[in-house]
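Protein chains: 2
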Amino acid sequence: MGLSKNKVKWITSLQIKKFRQKFHKFLVEGDKIVQELLLDGRWTVEELYGLPEWLDQHAGLIRNRSIDVVEVSAGDLEKLSAMQAPQQVIAVVDMRVLPRLDDLLRSDLSLYLDGIQDPGNLGAILRIADWFGVHHVFLSPETVEVFNPKVIQASMGAFLRVCTEVCDLEAVKSAFPGLRVLGADLHGENVFAVNGLTPGTMVVIGNEGGGISPSCQGLLEGRLTIPKQEGAGTESLNAAVATGIILAALRNKFVG
Amino acid sequence: MGLSKNKVKWITSLQIKKFRQKFHKFLVEGDKIVQELLLDGRWTVEELYGLPEWLDQHAGLIRNRSIDVVEVSAGDLEKLSAMQAPQQVIAVVDMRVLPRLDDLLRSDLSLYLDGIQDPGNLGAILRIADWFGVHHVFLSPETVEVFNPKVIQASMGAFLRVCTEVCDLEAVKSAFPGLRVLGADLHGENVFAVNGLTPGTMVVIGNEGGGISPSCQGLLEGRLTIPKQEGAGTESLNAAVATGIILAALRNKFVG
Chain A
0 MGLSKNKVKW ITSLQIKKFR QKFHKFLVEG DKIVQELLLD GRWTVEELYG LPEWLDQHAG
60 LIRNRSIDVV EVSAGDLEKL SAMQAPQQVI AVVDMRVLPR LDDLLRSDLS LYLDGIQDPG
120 NLGAILRIAD WFGVHHVFLS PETVEVFNPK VIQASMGAFL RVCTEVCDLE AVKSAFPGLR
180 VLGADLHGEN VFAVNGLTPG TMVVIGNEGG GISPSCQGLL EGRLTIPKQE GAGTESLNAA
240 VATGIILAAL RNKFVG
Chain X
0 MGLSKNKVKW ITSLQIKKFR QKFHKFLVEG DKIVQELLLD GRWTVEELYG LPEWLDQHAG
60 LIRNRSIDVV EVSAGDLEKL SAMQAPQQVI AVVDMRVLPR LDDLLRSDLS LYLDGIQDPG
120 NLGAILRIAD WFGVHHVFLS PETVEVFNPK VIQASMGAFL RVCTEVCDLE AVKSAFPGLR
180 VLGADLHGEN VFAVNGLTPG TMVVIGNEGG GISPSCQGLL EGRLTIPKQE GAGTESLNAA
240 VATGIILAAL RNKFVG
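Chains as they are written, first to last, in numbering that gives the first Met the number 0: chain A, 0 to 255; chain X, 0 to 255.
This is chain A alone, in the form it adopts within the complex (with noise of 0.2 Å):
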């Protein structure tokens, strides 16, 4: 019999920012990432729509626990799915933010995303801070939001496990006010040279095409570069990229 029409309204309706602010949910999709999700305790998974091989098989995770789970056709999932390729399942989760922000002063290393727009470039950052256990990422305002189905497919689950919050960078240093801002830029210092580094440095990267705005610049102690051949020709990196050699280099230089 399929799905009802307002059941895949409601659900289609979670791909679009204004719904997902308004009923605070977010979906998330695929058999790898919806494991994890289900695995990660700290979740409130609320409905899940699978294929029956894919709840079947995964009947111990779900178990026990009070989700709202319908059994749907490979028909009815390509209806639901934001995704080029449909996935097994589909869950809609309720959009809570992780209160882990009082640890950022004794975390080493957090991060500041002034402006990027690219949702691919979202999700591909947030597995880049995962990976090399930056567990703060602040988001200015006219970041992209990180429940937008691309940015949540793209982080391959990373956004599970790292700590997104939306706010001004001036709100952030005043409460914080240990911080030490340092903005990633095509005139600072040499990356792969900066020494002594200490807890509390967090880690400023510019819009994609704009770099770092006005108002954030005015708001640096320092400046990172990555350098770049002689001659090179190419004007800059993708901001993924740049993130991923930032976040390696101040790692991983006392390594090798």
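Keep in mind the hints are simulated off the structure, nothing from the lab.
Treat the hints with care, as some may be off.
Which copy is meant is left open, because identical chains are indistinguishable; a pair holds if it fits in one copy or across any two.
What the hints assert, rightly or not - No more than 16 Å apart at the CA atoms, straight line, and that leaves these computed lysine to aspartate or glutamate pairs for EDC-like:
no.: 1; residue 1: Lys149; residue 2: Glu70
no.: 2; residue 1: Lys6; residue 2: Glu45
no.: 3; residue 1: Lys149; residue 2: Asp117
no.: 4; residue 1: Lys31; residue 2: Glu234
Take the given structure of chain A and dock chain X to it, following the hints.
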């Protein structure tokens, strides 16, 4: 009066691989990247479709060259464009490969891409290669085509400066017997601790989901790994991000 239907059909046909390969031509779109293309003397620009203002403003770059220049309206450009936001100008370019491969053994670092699928990733990798002065990027036959419009645009002009060639890894190794081939892998040597890099080192980057293929695995002389923070849940980094970190590490380890 606008462009004829046949003209529109001809240009948009070059958005498709089959026709690019049949006619040996590809498209380059956008103000900045077309300017770079015209300034770089090594490419044959055959046709140019631009807004009158753009063509006026860049008359100096166009004059005295045998380019078929056509003034078009914004509406026409929209019909021709492969991009979400149409640009001011589109060029049809001859698909000649730059013959600089004989330099390979003298260059310190090169890349081999083993099955990269995402055009955005390939474009970002060309930017990274250009940034770090890596002039040769080989592509396995399974890798996305470099003349795909999304690759060209994501490369931000780096395709003009980085020499690419489609080739089996085995054939590259036979042609350049002095090459040292290292794979990017989850279980190799810490890339930040690598010592004694010699000219003629080639780094192999695997497919986004599956990593390095079995046939290439057998041709590796070593493996490089980006160390992960203990306890991190993320299983891998985006392929372009990993490429950026590896090239940065190999380039900059002697700096800090």
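So, going through the hints one by one against the coordinates:
For the homomeric pair Lys149 and Glu70, neither the shortest alpha-carbon distance inside one copy (24 Å) nor that between copies (38 Å) is at most 16 Å. Taking the shortest alpha-carbon separations for Lys6 and Glu45, only the intra-copy value of 14 Å comes in at or below 16 Å, while the best inter-copy value is 53 Å. When the C-alpha separation of Lys149 and Asp117 is checked against a cutoff of 16 Å, the pair qualifies both within a copy, at 9 Å, and between copies, at 15 Å. Taking the shortest alpha-carbon separations for Lys31 and Glu234, only the inter-copy value of 12 Å comes in at or below 16 Å, while the best intra-copy value is 37 Å.
Violated hint for the displayed structure: number 1, the only one.
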